[in-house]
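Construct all of the structure, not just a fragment, from the sequences and the given hints.
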Amino acid sequence: MTERKPFAITVQDLVARGRNDIPAELITSTHLIYNSPAALAFNSPGAQGFGVKRAGLSIPGSVMILIGPGCCGRNTTILSEMGGYSDRFFFYIMDETDIVTGRHLKKMPQAVCEVVDSLPEKPSVVMVCMTCVDALLGTDMERVCRKAEQAAGLPVVPCYMYALTREGRKPPMVDVRRAIYSLLEKEPRQRRTVNLLGYFSPLQDDCEFYDILKAIGFNQINEISRCADFAAYKAMARANVNFVLNPESRLAAQDLEQRLGIPSIELTRLYQVSQIHNQYQALAKALDVTIDDAPWLEKARAVVHRMQEKYSGTTVAIGEMQNGNAYEMALALTRYGFVVREIYANLGPDDFVYLRHLAELSPDTKVYSNLSPSMLYYEGDDVSIDVTIGKDAAYYHEQAAHLHWDEDIQPFGYAGVVSLLNRLEEVLLERKKR
Amino acid sequence: MRGLWKYISPFAPDQSGAAAVLYGLDGIVVICDAGGCAGNICGFDEPRWFSGRKSAVFSAGLRDMDAILGRDDRLVEKLCDAAEKIDASFAAIVGTPVPAVIGTDYRALKRMAEKKLDLPVITIDTTGMDYYDKGIEHAYEALFPAFADKSLKPEADTVGILGAVPLELMHPGDIEWISQSLAEEGWKQILLFDEIDDYRNAGKATLNMVVSPAGLKAAQYLKETFGTPYELHYFGLDAVVDFDDNLFAGKNVLVIHQQAAASAMAAMAEEAGAARVMTASWFMDKPEARYENHVVLKEEDDLRDLADNDNFDLILGDLYYRRALPNFHGQYVDFPHFAVSGRG
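Those protein sequence lines, which keep their order, are chains A and C.
According to the working numbering, the first sequence holds residues 1 to 434 in order.
According to the working numbering, the second sequence holds residues 1 to 344 in order.
Any given hint could turn out to be false.
Chain C stretches covered by chain A per the calculated footprint, using a threshold of three residues with CB under 8 Å from any CB of chain A [unchecked claim]:
hint: 1; region: 37 to 49
hint: 2; region: 53 to 60
hint: 3; region: 126 to 137
These are computed hints drawn from the structure, not numbers from a lab.
Cβ coordinates follow ideal geometry from the N, Cα and C atoms, glycine included.
Shown next as structure tokens:
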């Protein structure tokens with residue numbers, strides 16, 4: 001008989017099964033991928049937030065030529081509408097003859113020159129974005145770009161929008177992070193300079209991490225999104241250390257370590273105040289310095305305490321289309337007195353670090369996969385949710401208060417916790433007024 | 001340069017056209033891609049996706065080894081698994097560049113899937129390299145022969161509308177408006193072909209109205225099969241311009257749109273006193289839908305050569321084309337085309 005309900009499993013059952021026995025419904029490669037509005041960020045990251053195309057334009061003054069069938073550039077219309085992008089995207093639209101003969105590769109130097117000539121100002125770099133088609137053709141785009149570089153007299157860098165390799169060793173969003181730092185060339189390192197790698201937009205201005213870094217002597221803190229021009233971008237090569245704030249930047253950090261000798265330290269975005277404190281203390285140990293995070297720790301604890309008093313028992317549903325790890329956020333909010341009823345997120349073995357604790361505190365929290373075909377039957381009527389976090393969660397519970405929490409500016413550290421809780425309060429109060 | 005587009009973003013591709021026809025038909029629709037194509041279809045080219053009405057549109061989630069090794073059996077397995085969990089009256093597999101490059105045999109895929117599924121399976125060999133209208137045409141070609149009940153006879157109060165998908169129209173909401181205006185004209189049963197029963201009942205129509213060239217092949221098929229006459233008919237031009245306000249009088253006019261829309265607008269412009277009217281389109285070129293003074297555009301440069309100057313006094317076209325015409329100094333009137341700009 002046809003089963004007409006979405007697949008769900010409790011956190012308790014997930015932990016009982018263990019990290020080596022994750023249900024197939026939560027593993028994307030085992031089933032068709034449902035493409036509901038809640039799942040769009042997975043299938044088309046370019047249409048929501050940063051995909052390869054937008055990310056590839058992070059280098060100041062860069063432009064991009066997308067080479068592929070017309071369909072691959074389709075959603076770029078949205079990007080073009082966003083401020084500053086409409087004059088930075090160009091397309092070489094492949095046809096069947098290009099695929100059969102590889103003609104498009106020979107035309108690339110001319111295309112790059114024509115694009116450069118059409119611009120009022122010479123770009124700093126031309127990014128050449130390739131798609132699944134060239135992945136399958138086995139195109140050596142590095143070579144093609146070198147030829148284009150000679151013809152146009154400026155850097156031409158390939159980046160790969162290969163959705164086919166999403167679960168591979170170098171998924172597109174990992175490799176594009178490597179690509180955007182690939183123009184950095186060896187320079188003398190400056191002791192007091194650091195880079196923050198991981199995001200294509202900056203951390204929130206009030207993030208304590210900036211102050212902490214300054215307090216321990218790093219007075220030049222670089223982020224690609226804050227580089228005013230190409231020279232500022234190139235100066236990132238002088239960093240003494242790279243802080244990796246998103247695991248998708250590990251490859252970029254490794255590349256920079258190999259080529260430029262810049263070591264890296266990885267930090268995780270967390271919403272558990274105590275864990276943020278532990279992470280800063282671990283960082284202090286690694287750098288052999290003292291980090292006094294007490295003022296921010298106290299402030300965050302005060303906000304947590306206030307929220308605990310006012311909103312304990314508030315029911316929450318958390319999705320994955322937001323700036324955080326859904327499982328870590330669920331654990332943090334559970335510790336702050338919220339009741340996390342449902343989570344909609346992919347699951348990896350690493351998430352069990354959080355799930356084990358969550359199973360002790362909130363064993364009945366249900367886990368769904370946005371991408372499971374069975375989500376076609378998700379109604380959500382039988383569960384009362386006060387507030388959702390993430391655009392996907394909002395899709396499932398229209399009647400709840402919604403916090404999308406997916407802005408470009410990145411929350412981090414204690415400031416991230418404070419912002420999250422304050423925004424939660426705002427949307428809950430707004431809902432009350434309705 | 002041939003192939004290089006500097007001002008205009010790519011138009012909706014053929015797989016979006018096919019998916020638009022299949023939307024809401026109660027089938028399992030599998031976009032045979034790695035994810036991005038399905039994301040573009042649902043996130044950008046299918047405004048009904050956000051209407052709250054659910055449709056079983058899935059990505060095959062192809063990965064590099066699936067493509068390299070041609071693992072069609074895995075796709076069929078995934079499809080069977082989904083069919084166990086979902087009520088559907090048929091399954092459709094829609095092509096994208098990946099199967100086009102690896103040369104997927106759709107007929108074999110259809111046979112394999114039908115053997116394992118207790119459902120009819122249709123395959124649509126779109127490539128991502130054609131425009132949306134080709135996909136619409138291919139989808140109709142697959143659906144009508146598979147589902148139309150050949151025993152039905154025309155019924156006097158039934159009309160069919162072919163090509164009325166959001167991509168072909170000015171605004172997604174125009175579909176309801178078309179339906180409403182036909183009801184006001186006295187048609188009792190309006191087959192918009194947005195439900196599977198409309199395909200089954202296609203033989204009941206006494207007339208098929210064709211909104212775009214993409215619907216012409218289907219209209220011809222229905223004429224051969226059921227004897228149903230058809231006519232080209234684009235709806236809603238009044239919403240673009242006020243034909244009484246002397247906009248066209250004595251002017252050289254260029255209309256850029258899909259042929260049915262452009263030809264209808266050109267005829268109205270002529271009637272309203274235009275000195276000379278020309279139509280232009282990147283989309284499907286059909287003699288039946290073509291205005292007498294029509295230019296087929298292939299490249300972005302074709303439009304720039306034609307109109308990035310002062311050869312015309314008035315251009316009607318989607319606002320998105322405007323940025324490719326910096327040297328045109330006449331009047332530009334927005335004539336929206338969802339497949340171009342995706343504006344709803």
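Hints, verified against the model:
no.	hint	result
1	37 to 49	holds (count 10)
2	53 to 60	holds (count 6)
3	126 to 137	holds (count 4)
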